[in-house]
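Trainee: Here is what each chain is made of, one letter per residue.
Protein chains: 2
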Amino acid sequence: MGRKIVVIGGVACGPKAACRVKRLDPSCEVTILERGEEISYGACGLPFYLEGEIDDVKELTTTPVGVVRDVNFFKAVKGVDVQLNTEAIAIDRKAKEVRFRNVKDGSEGSISYDKLVIATGSSPVRPPIPGIDLDGIYCLKTLHDGVMLKKAMEEAKGKNAVIIGAGLIGMECLEPLLKAGFTVHVVEKLPFVLPALLDEEMAVPLMKHIQSKGVVLHVGDGVSSFEGEGRVAKVVTEKTEIEADLVLLAIGFRPNTKLAEDAGLRVGRMGIVVDAHLRTSDPDIYAGGDCVQSYNIVTGKPMYAPMGSTANKHGRIIGNNLAGWNSTFSGVCGTGVCNILGFNVARTGLTERDARGEGMEVLTSLCPAPDKPHYMKDAKLIHFKMVAEKYSGRILGIQALGPGEVLSRVDTAAALLKAGGTVDDCFETDMAYAPPYSPAIDNLIVAANVIQNKRDGLIRAYSPKEVKEKLDKGEDFIFLDVRTPKELEQMRLPYENVVHIPLGMVRKKASELPRDKEIICLCKISLRGYEAAKILESEGFDRDKIWLLDGGLVAWPYEKIVNM
Amino acid sequence: MGRKIVVIGGVACGPKAACRVKRLDPSCEVTILERGEEISYGACGLPFYLEGEIDDVKELTTTPVGVVRDVNFFKAVKGVDVQLNTEAIAIDRKAKEVRFRNVKDGSEGSISYDKLVIATGSSPVRPPIPGIDLDGIYCLKTLHDGVMLKKAMEEAKGKNAVIIGAGLIGMECLEPLLKAGFTVHVVEKLPFVLPALLDEEMAVPLMKHIQSKGVVLHVGDGVSSFEGEGRVAKVVTEKTEIEADLVLLAIGFRPNTKLAEDAGLRVGRMGIVVDAHLRTSDPDIYAGGDCVQSYNIVTGKPMYAPMGSTANKHGRIIGNNLAGWNSTFSGVCGTGVCNILGFNVARTGLTERDARGEGMEVLTSLCPAPDKPHYMKDAKLIHFKMVAEKYSGRILGIQALGPGEVLSRVDTAAALLKAGGTVDDCFETDMAYAPPYSPAIDNLIVAANVIQNKRDGLIRAYSPKEVKEKLDKGEDFIFLDVRTPKELEQMRLPYENVVHIPLGMVRKKASELPRDKEIICLCKISLRGYEAAKILESEGFDRDKIWLLDGGLVAWPYEKIVNM
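The listed protein sequences correspond, in order, to chains V and R. So that you can map any letter, position 174 of the first sequence is 1631 in this note's numbering, and since no number is skipped, the others follow by simple counting. So that you can map any letter, position 480 of the second sequence is 1937 in this note's numbering, and since no number is skipped, the others follow by simple counting.
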């Protein structure tokens, strides 16, 4: 008989590892223990089931041709044994045995292994807030969670829903809840949405968009308690009280590490510790997916990155190593994308906050622009930010969001991050260009060019936040707005120190501007602002006094007068 | 006074170089000589002007806020002098002078330079076919061409249009011509469309799509003559005759090198020869854009790559060097994308044909699949092919096309090519995953995995073409189709040697299959075919006799019985 391989956990990494090793070495006996009723399902599809995009939750458990990936399928097609409703409760590393319990009838048993895979996944964070166990408070992780929440949405239809946590899951559930007629509140402890993914200035346009759809945001506010008689009726926060017919707890996920910990395996704050081979501190035990600590290829440090894509990759690598190969996985860079009420939101790598938190010196660019040439009728805005190392120019991360296309930009940046690419490498990347898809100089490349220009001393720019601080301090400077009179009518800054000279007149009228004050040039997106700054420099203005407002008016998150 | 810089050519690279150097060194005197009436326009937008997506051709000459980039704009904003209708006719390198002629009044003059930039662009290829000078035969390169063609389309509305050449421009013009009610014929010398971009097997689904829209394809056929009295009335090809009310000549572009050649600069078959600094053989003369020879970063050899995106990059690099910097540009990899009647078509790097033509040994993968999880209602098919070096696993190129999303995949691959990435690097690229955008294992990564599997000896696969040759030779083998009975009803191979066993039954029924014959496993896309092959191997079948049909039925370009 072949070696016995036991896999704990049957959602993504587990089945992948099981099937892979069985393909590589058919002599193995492979058994998956799964505590739930289902195996190998697409949990990431749950928000779309809630929304009605997917009619039957079972579709998340089928192959593309509609075959259900059930126990029989795994046996017949994959040659892998699956035991459902079977929770692993202990690992005896000496005896090389896993003790398990049938969650239906409580019966226990054990199974021996030559090699073991821990793919126990993650669980939603449930902090010990008073009232958290009331009925009507849901999480979204398993198919069962999805079915329960959907049922609750149908029952409480059109009332008040409160989402706790403005992370990916919470944001993805806005659409199904709004579609179902709910008034939706979001409570987020940090002062902006998607705080793990975005910098605050990038989150601002997203928050405005969400609010424009009727969502009530309570950012910078935390939940104090849930109140109600048996069933939740109210969410009490630090700042207010919100009527609640339904609560979605979406604060994040925590790796399921208890089994590994109890077995004496090395476990860190961010999950089970594994090496590049996805091997735990016990050489006969591998672990992968949401239960392990990942490695961030940008910082060179551990990170927690529970993603279905990564779990699948882990499964493949583990399968290889179980078969006796020597496969490694170098890590991830925290790429994420989601659709939030029609806004595409994506990021990869580090935010500016992340990078500065690591003590890095950075240059950033803030480049809102259409996602294709302006003359194409379906060109749509994307807000764009790039973060790079100040000296090396190595790209550290990008954030992109808006109604326009972001996927190609974030994926390209992820490939650059993988290669340790710099802004110069980005400039040289031969991205596809055709008017229905992208501008001649892609938004990603524009962002790299702006950082090159800053590095090379061509632009001195203030971030919107820095300028706001100057305003708040009452500093004496001039905003030079170089847009057309027509643009000015539509939108403008409400400050007294704004001087308006259309770009085409700046060279002529430069002499009217004071030479002893700081001049902060701007336009819609600060491309013309840059031209204006260069004109003033060429007219002999003191270079140290000529600045640019990063991202222009579009990226300015503070007061604006808008006439539509 | 500052140095005098003269730029010949005012479309993309020229103005970019001019404006860049002026920003870096305002003391320069910069003059652009442009033989046409317009400067700095988006020629790539012309097909969309023909289509009506762009109302006025002038939109291609404006900035995003509607300011026309004319002579006054360049003077006022950029500080650059522009002389329109001014054709450079000779370069006197000794005197450092450019001789020019006013194309309106024939007057001549000259301008001296310290540094010169040649950005003379390209011209449509017009082979000496009898009748090529008849009226009614158009090219599409300049704004003027666009206006003339649009006028002709309006006059000849709803008649017969013949496109000569199935390259990018020809394919992009299908939509405007069909929309205008034309019956459209395409004559292409090579046996398939987009021959410079795609392998034949990838072009087949595109050809079927184009034909389904009513386009009449004449591939593998060349034009012998154009006939008509003054105006073209008929296109005579090697194989047929086509009534023609309007002809679009779209055979390709040739670099405009005469001026450089006459001046004794080094010129190759693919354009003016430049170094990494985009400097010609004369250190005081730079050249960029469509008139120069590019460098292919994949082959390490010269290539011709006339793209608006590259021209802009060239302009930036030239501008830097004119200002005294030391900037280099390493090259391109032939990335292209276009929308052909609703099909997204993209490629980067080398096709299999390109690579084999270079004498490389390659592995390929053919992976048609939905562009997002199958349970998403708007998931759409993309045909996908990857080519990699057999030994190193270095990715050489990808091709992707279909109704689904291709931009993110081709751009990511372009970044991998830039970094010299392998299929293993591709696997480790942290591409964005969320059901509205992409499957958990992105199509690009699946393609890399298949090549890994081939390299690692897990799959032995035949390409559709290899299998067709076996059929044609009457070889004795079995097709093992492992799809469901329902799928079989919808589509199947019309051959007698097809055995049908649904995947779930293969393990059980393996004994019914002969062990002395080659068995070629397949399903819709050959993912289940791969499973079946592994099952047969695990059941003791001779590994050398078990094969996979690359890409499955979806990629099979030959006979199929389809019941819709």
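Derived from the structure by calculation, the hints contain no laboratory data. There's no promise every hint is true.
The calculated DSS-like cross-link candidates involving lysine-lysine, where the alpha carbons are at most 30 Å apart (straight line), are [stated by the list, open to error]: (1) R:LYS1974 / V:LYS1834; (2) V:LYS1670 / R:LYS1834; (3) V:LYS1837 / R:LYS1515; (4) R:LYS1966 / R:LYS1927; (5) R:LYS1532 / V:LYS1965; (6) V:LYS1837 / R:LYS1834; (7) R:LYS1974 / R:LYS2017; (8) V:LYS1551 / V:LYS1598; (9) R:LYS1670 / R:LYS1837.
Stretches of chain V that chain R covers, calculated by requiring three or more beta carbons in the stretch to come under 8 Å of a beta carbon on chain R [what the hints assert, rightly or not]: (10) 1778-1791; (11) 1934-1946; (12) 1958-1964.
Footprint (simulated), chain V over chain R, 3 or more residues, beta carbon under 8 Å [stated by the list, open to error]: (13) 1505-1516; (14) 1523-1536; (15) 1930-1944; (16) 1987-1995.
In this text, all values refer to a predicted model and were calculated from it rather than measured experimentally. Each residue gets a CB set at the ideal place from its N, CA and C atoms; glycine is no exception.
Trainee: If a hint holds in the structure, say so; if it does not, say that too.
Mentor: Hint check:
1. R:LYS1974 / V:LYS1834: It is violated: about 58 Å lies between the C-alpha atoms, which goes past 30 Å.
2. V:LYS1670 / R:LYS1834: 24 Å, holds
3. V:LYS1837 / R:LYS1515: At roughly 21 Å apart (the allowed maximum being 30 Å), LYS1515 (chain R) and LYS1837 (chain V) satisfy the hint.
4. R:LYS1966 / R:LYS1927: 25 Å, holds
5. R:LYS1532 / V:LYS1965: Distance ~11 Å between LYS1532 (chain R) and LYS1965 (chain V) Cα, so the pair holds.
6. V:LYS1837 / R:LYS1834: Distance of about 23 Å is within 30 Å: holds.
7. R:LYS1974 / R:LYS2017: At roughly 23 Å apart (the allowed maximum being 30 Å), LYS2017 (chain R) and LYS1974 (chain R) satisfy the hint.
8. V:LYS1551 / V:LYS1598: 33 Å, violated
9. R:LYS1670 / R:LYS1837: 18 Å, holds
10. 1778-1791: holds (count 6)
11. 1934-1946: holds (count 3)
12. 1958-1964: holds (count 5)
13. 1505-1516: With 4 residues close enough to chain V, the hint holds.
14. 1523-1536: holds (count 8)
15. 1930-1944: holds (count 3)
16. 1987-1995: Per the Cβ count (5), the hint holds.
Taken one by one, the earlier hints fail for this structure at numbers 1, 8, listed in ascending order.
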